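Asks: Our numbering runs 94 ahead of the 1-based position in the sequence shown.
Derived from the structure by calculation, the hints contain no laboratory data.
Small disclaimer: the values here were computed from a predicted structure and weren't measured.
Hints should not be assumed to be uniformly reliable.
Listed below are the simulated DSBU-like cross-link pairs for lysine-lysine, each with C-alpha atoms no more than 30 Å apart in a straight line [said to hold, decoys possible]:
1) 154 - 141
2) 172 - 128
3) 180 - 128
4) 128 - 141
5) 141 - 180
6) 144 - 154
7) 144 - 172
8) 172 - 141
9) 144 - 180
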Amino acid sequence: MKSIIKTIVIASVVLSTNVFAESAIERLSVETIKQELTPAQIELTLKQWKTEELTNLEQKAQAISDLAPIEARREMVKQQINQEYKQALIAFGL
């Protein structure tokens with residue numbers, strides 16, 4: 095989820111000068127982003143993040159231990175990306 099929020103902040107750097115540290119600052123950043131960007135802008139940024147992550151799925155799967163079959167590693171990475179995406183949607187109230 096932190097990487098999603100960082101992506102949104104980078105996309106809106108003109109509007110926001112937040113610095114990420116711990117959970118409290120992350121929460122404040124989410125609130126600031128919600129105030130500064132429209133829901134459509136946030137959703138677009140999240141979709142772009144998810145697309146980019148899925149594009150790199152194979153690379154991420156290859157980085158996981160070789161003990162698991164590649165298909166299982168791919169599925170695990172895909173589920174992880176989807177979970178982060180869903181958590182971000184919830185955090186932003188979308």
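Asks: Hint numbers the structure violates, sorted upward?
Replies: none
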